[in-house]
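Letter by letter, the chains look like this.
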Amino acid sequence: MTNEELLAVMEQERQAKGQLKYCVQVCSSTGCASSNSEAVAAALQQQVKEANLQETVQVKLVGCMGLCALGPLVEIERVQIQPGAPPDVLLYQSVTPADAPDIVAGLASGQPVRRLRLEMDDPFFTRQTKVVLAQAGRIDPERIEDYIAEGGYQALFKALAEMTPAEVIEEVSKSGLRGRGGGGYPTGLKWNTVAKVQSDQKYLICNADEGDPGAFMDRSILESDPHLVIEGMIIGAYAVGANKGYVYVRAEYPLAVKRMRQAIRQAERAGFLGQNICGADFSFNVEIRLGAGAFVCGEETALMASIEGRRGAPRPRPPYPAASGLWGKPTLINNVETFANVPGIILNGGDAYARVGTEKSKGTKIFALTGKVNHTGLIEVPMGVTLREVIYEIGGGIPDGRRFKAVQTGGPSGGCIPEQFLDTPVDYESLSALGSIMGSGGMIVIDDSSSMIDVAKYFMEFSKEESCGKCVPCRVGTAQMYDLLCKFSAGEATEFDLRLLEDLCDLVRNTSLCGLGQTAPNPVISTLKYFRDEYLAKIKKPEEVFGVAARANGRAPGQVEQTA
Amino acid sequence: MSPVPITTEPVKTFKINGQDVSARETESILQAARAHNIDIPTLCHLEGLSSTGACRLCMVEIKGSNKLFPACVTRVQEGIEVMTHSERLVKYRRMLMELIFSERNHVCAVCVVNGHCELQSTAQKLGMDHVRYPYLNPQLEVDASHERYAVDHNRCILCTRCVRVCDEIETAHTWDVMGRGIGSKVITDFNQPWGESETCTRCGKCVNVCPTGALFEKGKSVAEMAKQRQFLPYLVSRREAMIE
Amino acid sequence: MILDGRKPPLPSADKRWRLVDAAMRRNGYRPQGLIETLHAVQEAFGYVDDAALRFVSQSLQVPPSQVLGVTTFYHQFKMKPQGRHTCVICTGTACYIKGNDRALEHVQKTYGVSVGGTTPDKELSLVAARCVGACGLAPVVILDGVVVGKLVDEAVQARIREWLKT
Amino acid sequence: MSERNKPRFATLWLDGCSGCHMSFLDMDEWLLDLAGQVEVVYSPLVDTKAFPENVDITLIEGGVASHEDIEKLLKIRARTKTLIAFGDCAVTANVPAMRNPFGLEAVMKQVYLDSDAIQPQVPNLIVPQLLDRVVPVHRIVKVDVYIPGCPPSARTIKAVVGELLAGRQPDVMALTRFGA
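Chains as they are written, first to last, in this note's numbering: chain A, 1 to 564; chain B, 1001 to 1244; chain C, 2001 to 2166; chain D, 3001 to 3180.
Just so you know, not all the hints are guaranteed correct.
Simulated crosslink set (SDA-like; lysine to any residue; CA at most 20 Å straight-line) [said to hold, decoys possible]:
id, chain 1, residue 1, chain 2, residue 2
1, C, 2080, A, 251
2, B, 1067, A, 251
3, B, 1185, C, 2030
4, B, 1125, D, 3159
5, A, 541, D, 3118
Now the stretches of chain A that chain B is said to cover, found in silico as 3 or more residues with beta-carbon under 8 Å [stated by the list, open to error]:
id, segment
6, 61-71
7, 452-466
8, 469-481
Restraint ranges, calculated between C-beta atoms of paired labels, are given here [claimed, not checked]:
id, chain 1, residue 1, chain 2, residue 2, range
9, C, 2084, A, 258, 23 to 31 Å
10, B, 1077, A, 199, 53 to 61 Å
11, C, 2030, A, 200, 49 to 57 Å
Hint data in this document are derived by calculation from the structure and do not stem from the laboratory. Beta carbons: idealized from backbone N, C-alpha and C, even for Gly.
For reference, chain A alone in the conformation it holds in the complex (with noise of 0.2 Å):
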C-alpha cells in the first residue's frame, strides 16, 4: 500500500460514516462476550433491520470499553455532520438481547433508554486520559480499515518516509517512555543498543504472555487495537534493523491470539508487512508463537527459550538479547503495551509524548483494577496520578462498606500498599519505594476482609508453582516460604519461624536466578513492612505449637489398627 492508498481507504471510510446518523458500538471481548454480547449484537442487527434503519445505522462489535465489570456495553454514537466536532455518545450498560427493540426504538425517536444508561459523567471517564487505548472500543478489531480510517499506519508512512532508524530511536528516546512490562527499561535506551549491533539477523519479539493474575491490559489491546501493536513493532524493527517478529502470546487469551493473526494477515495484504514494506528497502515478518502456561517464560531468556521450542528455563544475562538472543541473534524483546505506545510517539512527537506523567516517569499506563472496588475494569490514567485518585474517584471506591485495606500492584511480584501511602503518585521510583512495583499494571484492592497473611500466601503459592525448578533458591526457597506462611496462616508459627521466613526473603530477593525468585519474596516483604501486626498476632511459644501439634499430628499406634 502506498500513502495515497492508506489515504484514499481512509477517506472512504469517512465518507461511508457520513452517511450514518448512528453508529452502535457493542464491546466484543473477553469480558462482555462472556456476559452475550455477541446475541446483543445480532439483536440489535436484526431490531435496524426490522426498523429498516440499515441504511443510516451502522451495528459494529468494537474492542474493550474499560467498564467491565457492567458490561455488556453498548455504545451508540451520532454521527456529527461537523468534521472535529466533539462525539456525541451515549453508554448502555448491562444490555440484554431484550434491551435491542428499545435501544433501536431510541434511536428513531432520539430518546435514550433511561434504564439502560451509564452516566458519561462519572469520574470514571471523565479522569482517564486514553492514549494507547484511544481507539479501544471505538474500531472493529476485526477490520484494519477501522484502524486506518483513525489514522492508522501513517506513523509508520511517516517514520520510512521521513526517518532513519536513528531519527525513529532519538524520537523514542526523547518520549521517556519506558518498558510497559514491569522493568521500566527505557525503551530508546534498549533500541538503541541492538541497533548497534551488527548482525546479519535480528529478531524483534513482543511480550504478550501476560501471566501476572489479575492483570488483562496487554490482552485486551490485542483484542481491541491489535493493528496498533503491530504498526507499534513494524515501525521497531525498521529502528533497529530486525527483519523477523514474533508475538509470544497466552494461549488462555483465544480471542487476542484469533484477532491478532487476522490483524498479521490483514496487514501481510496491505504490504505492511512483508517485503520492502510500503516501498522501503525494508522487510520484516511477523509470526505467532503461543505460551502453554508458565509464567516464567514472561522473563525474556525463558521466552526465548520458549520459542526455541525449550522448556522455559531462564539463563544467567549477560549476555543479554540484545547482544545474544533468539537462536544466538541479537533480539529487541518488549511488552505489548510499549509497542502500542510507539505510533502515537512517531506521529506527535517524543516531545509531545513527553508532557504527560512525571519526570521520570513519562506517558500514560493502563491499569486492570479490579479487587474489592465499585469500578473493576481496564483504566488509562497519566503517570502520576495518585492511588487513592485511581480508587476512590476511578474506581469509585470500596464496595459493601467495608473498609479499605491494601491495594496490591504488580502482582505475585509487587507488593502490597496500605492506606497511609494512598497518596502516592503512580510512578515506578514511587512504587518501588515502598516495597512494591509499577509491573504490567495489575491494581487488586483489597478490603479489610482479607487477611494479609493470606493474601502473601496466595502469592507464594503462584510462585512455587511458576519457578522453573532451575536454580535452588527459588525451587527451594519458594517452597520453605509456602509451608512457613501456611503455618502462619493457621496460628501454628513461632518466633524462630518468623526468624525464617525474614532470612529466606532476604536470600531468595538475592540469589535467584532470574526475576520470578528475585522478586517472589515482594508480598511478604511488603506484607512484613505494613501488617507485620497480623504476623505478630499468629505467633506461639514454642510448647503451645508442638504440644497442639503433637495432638493433631500425633497418632496413636491404636489408630493406625483402626483404619487399616
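Starting from the known structure of chain A, fit chains B, C and D onto it as the hints suggest.
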C-alpha cells in the same frame, strides 16, 4: 609463575579478595579464582561441562555493584574487584546448603557415597552443622532397573550434571528434567525405568559426574562408592583436538 | 532404535495425526517446532499421550527425555484424556480476592475430583487456571468454554449443578 | 574439687540406636578424666530416674519421634544451660526420619500388620504416642551446640566436651560431618 598460559588471547588483570590476578578474557571468575588457588564452592558446576549458574553457591560480590554474580558464568573483566567470602556470601551459601538438604531425603549415614560426597564435604566446608528449615520429606522412588547402575531420587539435588554430560559428552541425551519447580525430576527417555531406556549407552558418565549418591553403581554398599572423573578432561581435550 | 533418523509413519490411520504432521511440516520438521507440534497434538486429541510423544520425538529428532521434559514443563499440555465436561476455575488474584477459592473447594469436594484431575466416570475434569484475564468479571469460572462471571457461593454452585445436567 | 562445684552433666537418649552413647563410652580412659571433671546427674548410663534441675551440659542423642520425646525436651531445655544435639539423629533426625516420606500410618501398617502373618496387631498400650514425622531436636527447642556424625567419633566428643568444659566454643565442623 603466572598461571595464565602463553596465549594470543587478551589477558585481563583484576583483583580477587585484594589479590592481583590475571586471566584470559574468555575465562570465568571461577576459573580465574581456582587457577590462583582461591576456593569458591560449587555444586552444579563441573569443569568440562557447560555452566548453568543453578546452584548459586559460587555467587561473588563485585565492588561497586549491589548485585551478586555467579562466578561460574561471569566473565572476568579488567579492573574489577571481586570478593568471594564476605559475611553476606558466607551466610547465603550456608542457607543455600540448608535449602538443598531440606529439599529431599539426604541421609549421609546410609549413603553409598558417604565420605566421597561433594554435597557432604561442601556442607562441612561451609560449616553447616544443622538445617534450620523443615525437611520437606518428599516421597521419591529408587530406580534399580538398570543392569549396572541405579538412581535414588531422594539424593538428587537437580544439579543437571548427568543431563549435561549425557548431552554434551556422550551425546545420547538420555537424561533430562521433567516437571518444574519443586516437582522437578531427572528422567531417562520417556520417564520409563532406566533399564528400559532405548538411548542409554550404559557408559556410566552420568554416574561418575553426579556429586551425590543419587547415581551409583549397583552392588556398592554404604560409603563404598567413589566417583571417577578423570575421563572428563580427557574427553574434552580429545574433542577439542578433533575439532582443530 | 527410536531415533534412527528416519521419518516414522503416522501412528495410526486416525486422520488427526495428519494435523499433527502438518504442524511439524510447517516448521520444516525442525526441533524448534516442538511446542507448536505439542499444541497441535493437544488440539487434535485433547491430550498428549505416549504414542504422540514417541511420534513427535522421532519425527523432529528430539531426544525422548527432552520431549517429555518440555511437555511436562508447560501446564497447558495435558497428559491424560479430559472428561466430557471441563470446569475451569480461575484462581487469579481478582478471583481469589472475590472468593473463588471456595468455588474450587466446593467442586473438589462435591464431585470428588482434584485439580488437574478427572472423575472416574470421565464426566468432569477440573482445571485451576492462573488467570483468564477477565478480572473485571471476577470471580470467573469457565464451563466447557463458556465464561461465567460474578457469581459466588450458592449461585455459582447452582450454575455448575445445572450445567452438569446438560 | 568437691562434687558441689563441678559442672552438672547429663545425657539423654531419644529416638536413636544408642550408637552415639556407645561412641561416648569409646572415649575409654578419658571417661575417668571426665568423671573427675563433672558430676553426671542423669543418663541412660546411670541409675537416676528423674531429670534434675540446674544442669550445665546435656548431650541429646536421637530424633524427636513421640509426644513423650517432646515433653522430655521441653522440660530438659528449661533445666539445662548448654544443650547439645549429639549425633545425626538429634541434628537431622537421620535414620529414624526415613519413615517420614511414607507417613506414620503406612509404616505402622507395613511393620505390624502386613509383615506379621500370625497375630497382626499394632501395639497400642503403654507405648508413647508417635508423631507423624520424626524431627530434629532444634525443631522443638533451642540447641546450643550441634555435633553431627553417625556416630560422632570418641575423639570428636572428647574435643567438643573438653572445649566446652574449658569455657571455649568448639569448632565442631572441623572435627566431624554428617554421616561421619
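Each hint tested on the structure:
no. : hint                         : verdict
1   : C:2080 <-> A:251             : holds (19 Å)
2   : B:1067 <-> A:251             : violated (35 Å)
3   : B:1185 <-> C:2030            : violated (26 Å)
4   : B:1125 <-> D:3159            : holds (19 Å)
5   : A:541 <-> D:3118             : violated (46 Å)
6   : 61-71                        : violated (count 0)
7   : 452-466                      : holds (count 3)
8   : 469-481                      : holds (count 11)
9   : C:2084 <-> A:258: 23 to 31 Å : holds (25 Å)
10  : B:1077 <-> A:199: 53 to 61 Å : violated (23 Å)
11  : C:2030 <-> A:200: 49 to 57 Å : violated (19 Å)
Of the numbered hints given earlier, the model fails hints 2, 3, 5, 6, 10, 11; all others are met.
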